[in-house]
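One line per chain: the protein sequences are V and G, in this order. Counting in the working numbering, the first sequence runs from 1 upward without gaps. Counting in the working numbering, the second sequence runs from 1 upward without gaps.
Worth flagging that the hints you see were computed from the coordinates, not collected in a lab. There's no promise every hint is true.
Dumping the calculated BS3-like pairs for lysine-lysine here, alpha-carbon to alpha-carbon at most 30 Å [said to hold, decoys possible]: (1) G:221 to G:295; (2) G:203 to G:221; (3) V:291 to V:132; (4) G:132 to V:293; (5) V:132 to V:293; (6) V:203 to V:221; (7) G:295 to G:132; (8) G:132 to G:291; (9) G:293 to V:132; (10) G:203 to V:203; (11) V:132 to G:132; (12) G:293 to G:132.
Protein chains: 2
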Amino acid sequence: MQTNECVIGIDIGGTTTSLGFVNRQGALTCEATLDTLANQPGETLVSRLYDTIEKQRSTLPPQTILSGIGIGAPNANYLRGTVENPVNLNWGALTNLVELFRGRFDLPVAITNDANAAAIGELLFGGARGMKHVIVITLGTGLGSGIIVNGELLYGSDGFAGELGHTTVDPDGRVCACGKRGCLETYVSATGLCRTVSELLAKRLDRSTLREVSFSQFTSKQIFEAAGGGDSIALAAFVTTGRILGMKLADAVAHTSPEAIFLSGGLASAGELLLAPTRRYLEEFLFTPYKGKVKLLRSELPEGSGAVLGAAALAWHEVGIATPP
Amino acid sequence: MQTNECVIGIDIGGTTTSLGFVNRQGALTCEATLDTLANQPGETLVSRLYDTIEKQRSTLPPQTILSGIGIGAPNANYLRGTVENPVNLNWGALTNLVELFRGRFDLPVAITNDANAAAIGELLFGGARGMKHVIVITLGTGLGSGIIVNGELLYGSDGFAGELGHTTVDPDGRVCACGKRGCLETYVSATGLCRTVSELLAKRLDRSTLREVSFSQFTSKQIFEAAGGGDSIALAAFVTTGRILGMKLADAVAHTSPEAIFLSGGLASAGELLLAPTRRYLEEFLFTPYKGKVKLLRSELPEGSGAVLGAAALAWHEVGIATPP
Chain V
1 MQTNECVIGI DIGGTTTSLG FVNRQGALTC EATLDTLANQ PGETLVSRLY DTIEKQRSTL
61 PPQTILSGIG IGAPNANYLR GTVENPVNLN WGALTNLVEL FRGRFDLPVA ITNDANAAAI
121 GELLFGGARG MKHVIVITLG TGLGSGIIVN GELLYGSDGF AGELGHTTVD PDGRVCACGK
181 RGCLETYVSA TGLCRTVSEL LAKRLDRSTL REVSFSQFTS KQIFEAAGGG DSIALAAFVT
241 TGRILGMKLA DAVAHTSPEA IFLSGGLASA GELLLAPTRR YLEEFLFTPY KGKVKLLRSE
301 LPEGSGAVLG AAALAWHEVG IATPP
Chain G
1 MQTNECVIGI DIGGTTTSLG FVNRQGALTC EATLDTLANQ PGETLVSRLY DTIEKQRSTL
61 PPQTILSGIG IGAPNANYLR GTVENPVNLN WGALTNLVEL FRGRFDLPVA ITNDANAAAI
121 GELLFGGARG MKHVIVITLG TGLGSGIIVN GELLYGSDGF AGELGHTTVD PDGRVCACGK
181 RGCLETYVSA TGLCRTVSEL LAKRLDRSTL REVSFSQFTS KQIFEAAGGG DSIALAAFVT
241 TGRILGMKLA DAVAHTSPEA IFLSGGLASA GELLLAPTRR YLEEFLFTPY KGKVKLLRSE
301 LPEGSGAVLG AAALAWHEVG IATPP
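The shape of chain V in the complex, shown without the other chains:
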């Protein structure tokens, strides 16, 4: 493995922060994780990350050149280098994370939100290699998205482009944590799937093991397993989810006309259970000129390290020396 030159990818989550050293072929070494300690300020996390990175760095071959740092973080703004009003981190309104890192490392540092990092990771190291127009959807607790246009991540006028999780499915629909109603992520996400099961249990009379579970105890994994066992409520929940996702992805195609859409994150690991109905309804809702032209695919990045690889891909992209294998 050629590790002479590498970047550091850092994925900051509400609970855990992961990092690793990534070469230009996307090979990952010296992984480490630490507790984010979300109640402490961003400065403390950067200081702890510095210690961890220096420790890991000392185990690399001596000729290793470190070329940059890429960070994926919630509510991160690429254009400003900031994390703004993060829901899962008690950091306040504004933390200039790029500045904090630059105070510790004499390296190019770039930051973006986790879904954008996933998108650029897919572009450099995953299934979107060689593509110019792509949308990547991350399906976790919420729904994130990164939009690639002309081979570049789209940031828009203020650095926040690509928030498909908060497009509207139904203006009178489910209450969203963002304060709006009927947002896509209230239907299509791990929590959205649980809400859909609860709705289906109310609407239908099918027997289901899910009738024995309280709303608070629902997990998408459990619903996935019930579907695998033929539970009709669980199966219907995946079809409902795929229909709504297919419809809104057809809208997304009518905006940027991607050649492929990638699904990543926990819920995407349901595989064809989610992909098959999504693909069917996407095709049904597509405007005629797009029909038969848009591929719906699963992310090719490994699920465990996709976020760190994405953050590293951002760094490689920034330093301008990315050469997709």
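For chain V, the structure is supplied; the task is to place chain G on it using the hints.
Leaving out everything else, chain G in the frame of chain V:
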């Protein structure tokens, strides 16, 4: 007026085709119109346009340099230079209009659909000058859109990006001429406004002069005038239209994060009657990070010549010598 160097802008419509010579400041001279004669092949139109252009050209000052031709046409594909399956022109599946023009003129020729032409016209000669991320919506019989990203028209993977008229408002909603249901343009367009009036007449009991008019006789102009006279059905129709447009524009912002959205075309001339509710609902439906940041404006291109100016702007953009004043 500096007319030493100019391009030709051509707007091909189902009934009328307009053209004019446009200098780099956007000044328009030697305008001409001809019947499109939609039942004759594209080649015939190009031949007739050639005659008209040569005639107009002979009236220009002798030192005038002609630098390019830009064309706005229905169902035009910029990447392929073609008009594909146009609804209002009896041209068949595929006409390579750029090739036909190149057979007559030794000049750079570019083609795009009318909404994209309107967008690039707004960017070079209108209210979007100096902006990088913009959406232009054209409201006529249907709803067209052109999306500007990083200062460039967005074409996407197959040349058909930006078809917001066929995003879905309601999957069980109004039948659209495209074959789908609930498309945005079935609600927000001149014909959509008429359909909304018909629905409101059924739903409510308000007195209205519109109760004396048959569905076939409804026009958006008449509804506009009724609203001006205080007709509550007509007023409600504009609010309903603005609510749906505002909601879908908020979705559009969550994709490309523009700094401004421009409304143009016949229905946009209803002015604040449409803009005020659209602006209110856009703001209501915007995801928090975008709130208060997106301007909703009327096109600054003159209504009569906007399409020709847009086509000319495409030509200037292509020849790479556009210098916005």
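Now for the hints, and whether the structure bears them out:
With a C-alpha separation of about 26 Å, the suggested pair residue 221 of chain G and residue 295 of chain G falls inside the 30 Å cut-off, and the hint holds. Using a Cα cut-off of 30 Å, the hinted pair residue 203 of chain G and residue 221 of chain G holds, with the two alpha carbons roughly 22 Å apart. About 19 Å separates the Cα atoms of residue 291 of chain V and residue 132 of chain V, which keeps this hinted pair within 30 Å; it holds. Restraint check: the Cα-Cα separation between residue 132 of chain G and residue 293 of chain V comes to about 28 Å, which is no more than 30 Å; the hinted pair holds.
Between residue 132 of chain V and residue 293 of chain V the CA atoms are separated by roughly 14 Å; this keeps the pair inside 30 Å, and the hint holds. Only pairs whose Cα atoms come within 30 Å are accepted, and residue 203 of chain V paired with residue 221 of chain V is accepted, the gap being roughly 22 Å. Using a Cα cut-off of 30 Å, the hinted pair residue 295 of chain G and residue 132 of chain G holds, with the two alpha carbons roughly 13 Å apart. Restraint check: the Cα-Cα separation between residue 132 of chain G and residue 291 of chain G comes to about 19 Å, which is no more than 30 Å; the hinted pair holds.
Proposed proximity of residue 293 of chain G and residue 132 of chain V is supported: the alpha carbons are some 28 Å apart, at most 30 Å. Under the criterion of a C-alpha separation no larger than 30 Å, the hint pairing residue 203 of chain G with residue 203 of chain V is consistent with the structure, at around 28 Å. A distance of roughly 20 Å separates the Cα atoms of residue 132 of chain V and residue 132 of chain G; the hinted pair therefore holds under the 30 Å criterion. Between residue 293 of chain G and residue 132 of chain G, the direct Cα distance comes to roughly 14 Å. Compliance with the 30 Å bound is thereby established for this hinted pair.
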